Amino acid sequence: MKVLMFEFLAVLIALLIWASADLPDRADPEAPANQHLSPDLTRLTESDVVIPNLVSAILADFRSYDTLGETFVIFTAGLAVVLVLQRSRRVREEENPDE
Amino acid sequence: MNDRYDSVILHFIARVFLVPLILVFGVYVLLHGELSPGGGFQAGAIVAAALLLVRLALGNRQAALRIPQGLLIWLACIGLGIYMFGGILPLILGYNFLDYAPIPVDWYNQFAGEARTARSMGILIIEIGVFFGVAAVLVLIYDLVAGSSRQ
Chain A
1 MKVLMFEFLA VLIALLIWAS ADLPDRADPE APANQHLSPD LTRLTESDVV
51 IPNLVSAILA DFRSYDTLGE TFVIFTAGLA VVLVLQRSRR VREEENPDE
Chain B
1001 MNDRYDSVIL HFIARVFLVP LILVFGVYVL LHGELSPGGG FQAGAIVAAA
1051 LLLVRLALGN RQAALRIPQG LLIWLACIGL GIYMFGGILP LILGYNFLDY
1101 APIPVDWYNQ FAGEARTARS MGILIIEIGV FFGVAAVLVL IYDLVAGSSR
1151 Q
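As you go down the protein sequences, you meet chains A and B in turn. Per our numbering, the very first residue in the first sequence carries number 1; after that it's consecutive. Per our numbering, the very first residue in the second sequence carries number 1001; after that it's consecutive.
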C-alpha cells in the first residue's frame, strides 16, 4: 500500500511539474491575470477611489464582501474560544470547588 | 504568565516607553490605512500586542489596561456593527450594499480641511470596524487562555 502511495505521489509530482512549465512567468504583462483584472482595478482606483494605496482599495472597496467575511470568521473564532474555555473552567470549578 | 515579572527596567520601559509608542503607532496605522501600508487587521494586531505586552510585563493582576471579558465581546460586536453600518448606509441612501459612493463627506471635509472622497471615507469606516473586531478578539483569546481573573 505504501509503495502504491509513493508511486501515486511520484506521478502526481511529475504531472504538476510538467504542467507548471506552461504557467506564465511572474509579472508577465501578457499573462491572462494581468490582462483583464489588474489594469481595470488600477484604473478604477485612480479614477473612482482616489487613494494611493492599491491594496487597501482592493481589500476594502472592490473586495469588501470578502473582508466582511474575514471579520466574521475572526469574530466567530473568538466566540468559539470563549464558549470552549468558559465551559472547561466551569467544569473544573465543579470538580474542585475549593479553588 | 499570570505573575508579575520583577524587573524595574522591564516595567519602566514597558509602561513609559513601549506601550504608549505601540498604541500611538497602531492608531497611526489604522488612520493611514488608505495612504500607506496598513489597515484594520494590522492596526488591530498592533494594538492587541501593546495590551498583551502590559499583561506579560506587569502580570495580569496589576495590569492597568485590564478590560472585562464582557466588554471585549461587546467591542468585537461593535466592530462588526460599524462594518455593517458602513455597508447598510449606502443601502439606505439608494445604492448597493458596501458601495461607498453616496456616503456624505462634505461636512467632514469642511470640519477637517481635507479633500477626502466618499469611497476613502467608506474604506476608513470599515477599517475601523475591522480594527475593533481584531483587537478585541486577540485580547479576548489571550485573557481566556492565560488570564487568572474570573469574570
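Hints are computed from structural coordinates only; laboratory data are not their basis. Only a predicted model underlies this, so the values are computations on that prediction, with no experimental measurement involved. No residue lacks a Cβ here, since even glycine has one placed at the ideal position from N, Cα and C. Among these hints, one or two may not hold up.
Unchecked claim - Footprint (simulated), chain B over chain A, 3 or more residues, beta carbon under 8 angstroms:
#1 3-16
#2 76-84
Said to hold, decoys possible - Here are some chain B residues pointing at chain A (derived, C-beta under 10 angstroms):
#3 SER1120
#4 LEU1124
#5 ILE1126
Consistency of the hints with the structure:
Coverage of the region 3-16 of chain A by chain B is violated. Counting CB-CB distances below 8 angstroms, 0 residues qualify, and the rule asks for three or more. Figure legend: the region 76-84 of chain A, annotated as covered by chain B; annotation consistent (5 residues with Cβ-Cβ distances under 8 angstroms, at least 3 required). Interface hint status for SER1120 of chain B: upheld, as the beta-carbon distance to the closest one in chain A is roughly 5 angstroms, under 10 angstroms. Below 10 angstroms, beta-carbon pairs count as interface contacts, and LEU1124 of chain B has one with chain A at about 9 angstroms; its hint therefore holds.
This hint holds: ILE1126 of chain B has a C-beta 6 angstroms from the nearest C-beta of chain A, less than the 10 angstroms allowed.
In this structure, only the earlier hint numbered 1 is contradicted, and the remaining ones agree with it.
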